[in-house]
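K.L.:
Chain by chain, the residues:
Number of protein chains: 2
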Amino acid sequence: MASKTYEQFIAYNQEARLLHGIQSLLDWDQETYMPKRGADTRARHLSLVAGLMHERRSSDELGNMIATLEKEAPEDPVEAADLRVARRDFDRAVKLPTDLVKRIAEAQSRGKTAWIEARAESDFSKFAPHLQTLMDLRREMADKLGWTTEPYDALMDEYEPGAKAAEVQAVFDALRPELVALVQATQDAPRQPDLSILKRSCPVELQKTFNEQIARAIGFDFDAGRIDISVHPFCTETSMNDVRLTTRYDEHYMPMSLFGIMHEAGHGMYEQGLPSERFGSPACASVSLGIHESQSRLWENQVGRSRPFWERFYGDLQKTFTSLADVSLDDWYFAINNVRPSLIRVEADEVTYGLHIMLRFDLERQMMQGKLAVADVPQAWNDAMQSGLGVTPPNDREGCLQDVHWSLGIFGYFPTYQLGNIFAAQFFDKARQDLGNLDDQIRRGEFAPLLGWLRENIHVHGRRFDSNELVERVTGNKVSHEPYVAALNAKFKPLYGLA
Amino acid sequence: MASKTYEQFIAYNQEARLLHGIQSLLDWDQETYMPKRGADTRARHLSLVAGLMHERRSSDELGNMIATLEKEAPEDPVEAADLRVARRDFDRAVKLPTDLVKRIAEAQSRGKTAWIEARAESDFSKFAPHLQTLMDLRREMADKLGWTTEPYDALMDEYEPGAKAAEVQAVFDALRPELVALVQATQDAPRQPDLSILKRSCPVELQKTFNEQIARAIGFDFDAGRIDISVHPFCTETSMNDVRLTTRYDEHYMPMSLFGIMHEAGHGMYEQGLPSERFGSPACASVSLGIHESQSRLWENQVGRSRPFWERFYGDLQKTFTSLADVSLDDWYFAINNVRPSLIRVEADEVTYGLHIMLRFDLERQMMQGKLAVADVPQAWNDAMQSGLGVTPPNDREGCLQDVHWSLGIFGYFPTYQLGNIFAAQFFDKARQDLGNLDDQIRRGEFAPLLGWLRENIHVHGRRFDSNELVERVTGNKVSHEPYVAALNAKFKPLYGLA
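Same order as they appear, the protein sequences are chains A and B.
Using my numbering, you'd call the opening residue of the first sequence number 447 and step up by one each time.
Using my numbering, you'd call the opening residue of the second sequence number 447 and step up by one each time.
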């Protein structure tokens, strides 16, 4: 039976969670519906809420409750997990002055507005001063939080608790030659997909309908969520009962919204899978961004880009988009799994994707260490694209202005995307072992067993285990990039007719 | 030059204004896009924000700033107005415990959700317990605020500062026989409009486009606003730079959305006309709901239902809605100005509209005095409709469940609608005198002079003058229902071929 202090502690945390939900709605609205001139006030709304949240998260009142509960040492594992993560969050929060938190929130909102304009006009100079401000603020934040090896560690810790840049570097160093080799092999292969079929006209209104059908089929709950349009696709939520996905549409490139929605629905189903009765408890949240991304990539790639999935849905797709009537399932399946160095991360294939991440990881670490000046970012980006992927962006819109993250001063987030791919491969292998013939289930459009497995093994635990612990607990193995590499080779080599 | 305390006082008020904007967005989202299961958390968001706002509005810190400024006695009339309205708001706020304010906010959000469901199913019993709770809470609020003659006065004071139920009753008593006589005369007239033309098919997508064109033409700024869909049309704003209108569409009754948007745009242009540089100052807000309604009714009726307006736009309308190709301007003009007792207030004509208001005013006063029980509301409504308008609702959806107000526990708001009609007539007469040939301007689609006149005479002052003072200052006359009655007779008698 929970103590009185524990109950008060939960109620207190719920208020912070409510404020966080309000912040999410303000953000969501800014990117979807807010009229242009609302931007200035919105920055002030966000700064105000960030300040209120931070005051609550770093208050003596909370510190005292945590200390009291630590003395009580709850035996219940869920309560113990609440206490453990609350201690971690509190110790982090008290290091940050409210004023800094509010300045960051305001700079983020203004940065995002400037980025949208700069991106639309492909004019980095309009965004540069905001990036400088955000970098300076994040560097100040890293120093307040404290770091040993490099400031980047302090920032990454917010997104992937416990991760260190040097360790991530080691994983990426091991992965890079594997990816480069596979990219090279596919580019040299005699068998190549016909990508023109992906550019056939697919009316936007029909894309919307089809995407909703797919999202519903895999288990996204529209009574507790919705889909809108934004410049940069994202998933946010005000609670597990109100989860918002966004995407963007191109009549002449339908896979962008289709796989975008499967990706965001993967995030969304993780949020919808958190236990509603524990809303606002400290441990009732996602483990880390890496684990979050494992959910989105699993649904987007392991499910959405699999042959069994299209054995079920390709007929529906052809019925919806008559321009694909003469395209065979095999040609479609090959086209959506084409490997090709390209400019845009969110549209990159499964193999080159990691190389996009490594580029960003390198550049933002250099920025944070003062080794790369803001003014030099476009050139450094283009150079790194050329050396890493063999392509050079024709403009900044398709280069260093493509992602939203830096407009929010978010540094240390990108590597979690690649960690997500690695976790996803490990989880999917284990699900396949546990669920019997998973391919058959997918072929029949039965996603409840897989979603149920994810709910039970991952979602329901919230932050009870950290990411390494969770992977080990669920799969019986330590985190490793090997299953990921094995899965890529097993899928792409046969597709490209390689040994 | 403003004192240091005055500057702090403004900054303090800006924070409360930002919270109010956040509240508006939470409300707007609840009525437009929020998924169904988000309702419970949303009620808690709104309660939390209401509590934070109320704490700021009733704090000792604010009380001390106001007292200090009163001693300084600022000479600047704008500063003096800020101080005057801040004192009024503060004295009112300190009477209300934060807990009551939070309970009301939560009950409102839940009440609205229940009302939407009850209305959809036309089942009053689903809404009744919420109405009871809201009534009880408002009665408690009235008692805390204090009242002399009846509790209704304390509530109405929030919407129309200084108004008293007995005085409103006197105005309505004088007005009722005039309206009844005109209704009777039009119903008995041999010349009658062909209303079937209003029901011709007009595709919803085209309605959206046409409405936006009209809203833009009269001066609504879409860089600082937008239009969405909701069950009950409304206008809300997070600042003068972010004003949200909503409407609802019926393919077979296009005037609903068209005049709905002109109405809401009238509200919206008032908000957009408040001085941006004074955002968050206490007097930088609308005077009262009556004055607000005068702006919406002026654009909806005096402009939007005038013959000169349609001399300019009827060709465009016919081009957009081909189903109207064979309808003459005269027939259209007569049809949109038909007088006919009907069930739904927001679709009522200019003449019967006041009778709908009087009914609501009577019923809610009785409820507040404990003379009418919640369970008896549907019957009392239907009886009053029959005796006042000669029609009986076939169900509660078209009866006592039609309006959103009671779902928010808003009592004392309805009479301001009729005051708005009265103010609008006085303002429009004066604008006509000042602007020269206003009809010609409207006929040419030139709305800038009229909007400029409203900006300069009404919008820019915010709350500097109360409603009676403002009417007198602008028109040179005291508030009177006579210009309103005169305008109705001058318009409708010739239309119906009456002497």
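Think of the hints as simulated: they come from the structure by calculation, not from any bench.
Incorrect hints may appear among the rest.
Here are the simulated lysine-lysine pairs, DSS-like style, with alpha carbons at most 25 Å apart [said to hold, decoys possible]:
id : chain 1 : residue 1 : chain 2 : residue 2
1  : A       : K548      : A       : K517
2  : A       : K548      : B       : K450
3  : A       : K654      : B       : K645
4  : A       : K924      : A       : K937
5  : B       : K817      : A       : K482
6  : B       : K765      : B       : K645
To be clear about the criterion: a stretch of chain A counts as covered by chain B if any three or more of its residues have a C-beta under 8 Å from a C-beta of chain B, and this derived list gives those stretches [said to hold, decoys possible]:
id : stretch
7  : 791-803
8  : 893-907
Virtual Cβ for every residue (Gly too), placed ideally from N, Cα, C.
K.L.:
Indicate, hint by hint, whether the structure satisfies it.
P.N.:
Outcome of the hint check:
Of the supplied pair hints, the one linking K548 of chain A and K517 of chain A is violated, its CA atoms being roughly 33 Å apart against a limit of 25 Å. Restraint check: the Cα-Cα separation between K548 of chain A and K450 of chain B comes to about 23 Å, which is no more than 25 Å; the hinted pair holds. A hinted pair counts as satisfied when its Cα atoms are at most 25 Å apart, and K654 of chain A with K645 of chain B does not qualify at roughly 31 Å. Distance hint between K924 of chain A and K937 of chain A is fulfilled; the C-alpha atoms sit about 23 Å from each other, no more than 25 Å.
Simply put, K817 of chain B and K482 of chain A have alpha-carbon atoms about 50 Å apart, too far for the 25 Å limit, and the pair is violated. Under the criterion of a C-alpha separation no larger than 25 Å, the hint pairing K765 of chain B with K645 of chain B is consistent with the structure, at around 17 Å. Counting residues of the stretch 791-803 of chain A whose beta-carbon sits less than 8 Å from any beta-carbon of chain B gives 0, not enough to reach three: the coverage restraint is violated. For the stretch 893-907 of chain A, the stated coverage by chain B is violated: 0 residues have a C-beta nearer than 8 Å to a C-beta of that chain, whereas at least 3 were required.
Going through the hint list in order, the structure does not satisfy hints 1, 3, 5, 7 and 8.
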